[in-house]
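There are 2 protein chains.
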Amino acid sequence: MIFEPSGRRGYIRHGKTIMEAAQQLGVDLQSVCGGRAICGKCKVKVQEGAFGKALSPIEADEKEFFTKNPGLKGYRLACKARIYGDVVVFVPAVSQTDKLIVAKRAKMRTVEIKPAVRKYYARLSPASLDDSESDWERLQAALNKQYGLIDLKVDYHVLRDLQQVVRQGNWQVTVSVWMNKEVIKVEPGVNEKSFGLAVDVGTTTVAGYLCDLTTGEVVATESKVNPQVIYGEDVMSRITYAMDREDGVRILNETIIEGLNKIINSVALQAGIKYQDILDMVFVGNTCMHHLFLGINTEYLGLNPFVAAVHHSLDVKARDLGINLCCGAYVHLLPTIAGFVGADTVGVLLAEQPYNKKELTLIIDIGTNGELVLGNRERLICSSCATGPAFEGANIRHGTRALPGAIEKIKIDPDSREVLFKVIGKEGWSADLETVEAIGICGSGIIDAIAQMFIAGIIRKDGRFNTNLRTPRLRLNEDGASFVIAWAHETSIGQDIVIYQEDVRAVQLAKGALYAAAKIMMRQLGVKKLDRVVLAGAFGSLINKESAAIIGLFPDCDLDDVYAVGNAAGDGACLALLNSDKRKEAGEAARKVEYMELTVQAGFEREFAKAMYFPHMDDLFPHLKKVLREEDRDKERVSKF
Amino acid sequence: MIFEPSGRRGYIRHGKTIMEAAQQLGVDLQSVCGGRAICGKCKVKVQEGAFGKALSPIEADEKEFFTKNPGLKGYRLACKARIYGDVVVFVPAVSQTDKLIVAKRAKMRTVEIKPAVRKYYARLSPASLDDSESDWERLQAALNKQYGLIDLKVDYHVLRDLQQVVRQGNWQVTVSVWMNKEVIKVEPGVNEKSFGLAVDVGTTTVAGYLCDLTTGEVVATESKVNPQVIYGEDVMSRITYAMDREDGVRILNETIIEGLNKIINSVALQAGIKYQDILDMVFVGNTCMHHLFLGINTEYLGLNPFVAAVHHSLDVKARDLGINLCCGAYVHLLPTIAGFVGADTVGVLLAEQPYNKKELTLIIDIGTNGELVLGNRERLICSSCATGPAFEGANIRHGTRALPGAIEKIKIDPDSREVLFKVIGKEGWSADLETVEAIGICGSGIIDAIAQMFIAGIIRKDGRFNTNLRTPRLRLNEDGASFVIAWAHETSIGQDIVIYQEDVRAVQLAKGALYAAAKIMMRQLGVKKLDRVVLAGAFGSLINKESAAIIGLFPDCDLDDVYAVGNAAGDGACLALLNSDKRKEAGEAARKVEYMELTVQAGFEREFAKAMYFPHMDDLFPHLKKVLREEDRDKERVSKF
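Residue numbers (numbering that gives the first Met the number 0), protein chains in the order written: chain V, 0 to 640; chain G, 0 to 640.
The following block holds chain V by itself, in its conformation from the complex (with noise of 0.2 Å):
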């Protein structure tokens, strides 16, 4: 058994899986489904072997992915595929998972270091006969003497080992003290790294930041599919799997905790460090995610009134929580502010403080749920709305994750409708490169897409296909139309890829849901006109504002004030990791921000049936009018949606 391009080998025993065999040679094959020939992650080209004795014929559901997706021949499941002899297969870039993630790395903020764990190095004179005073005490001692600190508790698990370590220090000993409150970790000798994790967790996406404590800097990123999705895609899907099933809070919880300490391994493996070195965590996540990982029931978050458990920020033991740190380490969670708007949010604040703002501010989160903010130091509200993946790159056909060969550019010739792409790890336009190898299209990459076949004329304001085009990129077929952006040779996955109307559609829903809701909230506040448009979320790399307005992902606004800020949720857990003073005023931000129920409000359908035209069915936007007017050659005018 061979995996290319790896080079990985081994024997395999007959009847495994190539998934098994890959986890046994350590080869990365993503899985979403579970093992079920759903998701087709996990996809692999054999090369030798073929199809004879060497693999087990093809069954009946493998066959039923391959039927819905066409093009990639020579390629079998691992999930599925059985190895009874010797076999080369290659692993295309879109079935590896652990590949640098470009897509959430935090953009850091200018912040002061204040960590909430330091590090303090002790010495202490050695015990006698005269003076037989415990370690603990004497330890004690020495940190009110050398830096005046108090009243500090132990965590027992230093306890535990405590003299081993003083002795093994010669009677010199580092020791990590949390919120100057609490050791939660005593080392031999002088030991000055000190390391946190900050960790995002979306709906679909989840993303580590391993930053070193001492000088601020993110050493390490990584981000992984949340693996709860195949026990639901969006929030609600989870609360009701949670609600139908005894045991289904403690599966989702489980398997989020699984998935966090991957997460923990990988970073810590890049950063060359043990995960024993992880003195701290702080959480962000929305509110749904936020009692999963406690182990909260997301019952009654799903019920009207849709109340939470719990808003304030908590500190819980990680290994209370089966989070793999220092055995010591809390981990923070930041506050939530309500049912459907989460610490997430408030990570949001803590990074674009509209609360410290004169000019008035639409903040819009985009994941799998969206959440608005909008006001300034004066006021501020917020509200929340689902949108579903598509803007992760999930929930579209040849939507992908933020990985090497996603295409994260996009531009069509209004004329030719001819289509240039740039993807993830190359540079340079799809049209100067010899090999492109695109694997799919990325968030950015979707939003790019929908403008350009909005301004080309391929879509319509309405969404629908324009049919009447004649380029080889249009096609029709019985289950409707649909663009090609990169041809077949231009990938690595063998086949076309593709924006089909239903990817359309999963657009202006989610956009229109955006909207509407932040109209909503300016007629809330009194306003007509926004100063500044902040875009958040895991898009894939920074999206492109000039799409987004394009669209009409938000109201108009000067683009010069649009500012596209890739994952300000991590970024603020990332600052509340380096400044515990930051997790105080989250909790202020969170206690300041009034919350709005959209659903309840009076004329919500009618704005949201109205924004899901590109960019709105009547709204007038001044400040695209020099883009939009070459859209005014479509001059067909739809009268109702």
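Keep in mind that the hints were calculated from the coordinates and are not lab data.
Since this is a predicted model, take the numbers as computed values, not measurements.
Glycine included, C-beta positions come from ideal geometry on N, C-alpha and C.
Since no wrong hints were added, every one of them can be taken at face value.
With beta-carbon atoms standing in for the labels, derived distance ranges: (1) V:188 with G:601: 37 to 45 Å; (2) V:128 with G:352: 23 to 31 Å; (3) G:250 with V:146: 36 to 44 Å; (4) G:63 with V:150: 56 to 64 Å; (5) G:129 with V:619: 33 to 41 Å; (6) V:187 with G:352: 36 to 44 Å.
In silico SDA-like cross-links for lysine to any residue, where the CA-CA straight-line distance does not exceed 25 Å: (7) V:583 with G:181; (8) V:152 with G:314; (9) V:152 with G:148; (10) V:40 with V:260; (11) G:591 with V:131; (12) V:152 with V:180; (13) V:316 with G:181; (14) V:356 with V:560; (15) V:152 with V:140; (16) V:180 with V:168; (17) V:180 with G:318; (18) V:180 with G:583; (19) G:180 with V:587; (20) G:273 with G:164; (21) V:591 with G:125; (22) V:316 with V:583; (23) G:316 with V:151; (24) G:528 with G:602; (25) G:583 with V:151; (26) G:152 with V:326; (27) V:528 with V:605; (28) V:583 with G:179.
Dock chain G against chain V, hints included.
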């Protein structure tokens, strides 16, 4: 398979031991040596089935036990005898574990009821779309409004089911708050019942007292042999065991945790509650037991300069320790004073409060280790010495814990040398009863026996038997002299209950060490005379203070000022359980007491040698003049020991 007298019966798979059958059928059977045919605590009498094919034949190790312990006709060791047919066995009282223990029942002092955990009844306003505050914030607001509680934390386990509980109680809940700081439990509706557990973990005996935290009443008690005894009889041998094995600390830790959980189950069963209803726990025990309870490495306790890992009191979540209480409950460990003066001594201090008294008090806490405190409100010193478990009824051939049937009081006629005794559970002296059914001698009985044998001239001042006496009770065998306390027909063990020369030696070593320690401490404080003596410990029933004085357990003192107080350490734990102010007081007391290392004191060996005599080689006892005069009849003088 039928067990008598409980009458439990059931089918047992062939080849199982009687011990396994007992466990399967829920019959209480002692086991100290862990099935090695050494302790004989599991002996049972075979009624039917006998020695035919129903039981496996007696093998070498079991045979050896019965050779060493003659007179047990018809008995088998349950740990060795395997079942191969129908059999009825009788479990004698001496082999049962779960009898009512009179030994360590807490003798409660007057104390204001002010427990660390208090229950509050809260009424919440129901959530609605207009008031979608989270449940925890809602509860906090109610507790603040109704009771003025502020800055409350919450155990995250409480959050897990908070919303169901609140709705189950129809927005009315009972909240358990620890130290007015942290919510550790929320129950639906009204539940005023509140329980806490005080435990005293001795080297040989473990006792638990379940208290009603609303009334202060001790509602159930339980004591058991410390299950760690199979790994070593005293503190030093446990420390050695922990050092010699890679996983020694872990094994000792798990053993005591498991033992405590059994005690918890037992007291909960007695009180008709669930262990989850126990909301608080206070731990006392010597420093080694304290460390092993926490899983702290005990290596340095056994190495010069005998330093503890920690002295300060600790609050540790019970679940972190594996202790089965209410999920959010804490265990409070009273502080320790030195490597060999532990939290048990602090418990004694709390109970006796010598720091509040003007009189010079000597407190002797007698266990497998003896701890002494001397002083008054001006100054207090303490020390520790090894005594062995003789006074707990262990290490004495016919010693026993304070079970029903244990001989607790003994009188010997100085002329006839005839013996009267009293057993626990029966009114009146042996001579007046039709059946006595003694099982052995507990601590208070042993002190009586030695004192009375000395007064009656059966043993001399130096501890040797007076072999000139003519009485059938005095026996001279190849293994030395011995004296019969109870004849076989007065017992339920089928053999005479006897005091051997080695038993007298064990008492001499124990009392000599305590007396010498007291002398050295008096010298340290520069005092010649004691105002008060307090005798604490788990002797069985209360020690006879005159007997204690006669054997020379302590220097001369007016018997009116000698107090036998039973298990004061356990009482102190109860006080700290019922009144959290006592925890602060304990910390102050522990800091006030000065530790004195006896082994480095000049003259200790000499004092020890002189104190081995009854009552002492040359000290005078003006307060014992009347009793000791009788002893003058035995004119023999001993020039050297």
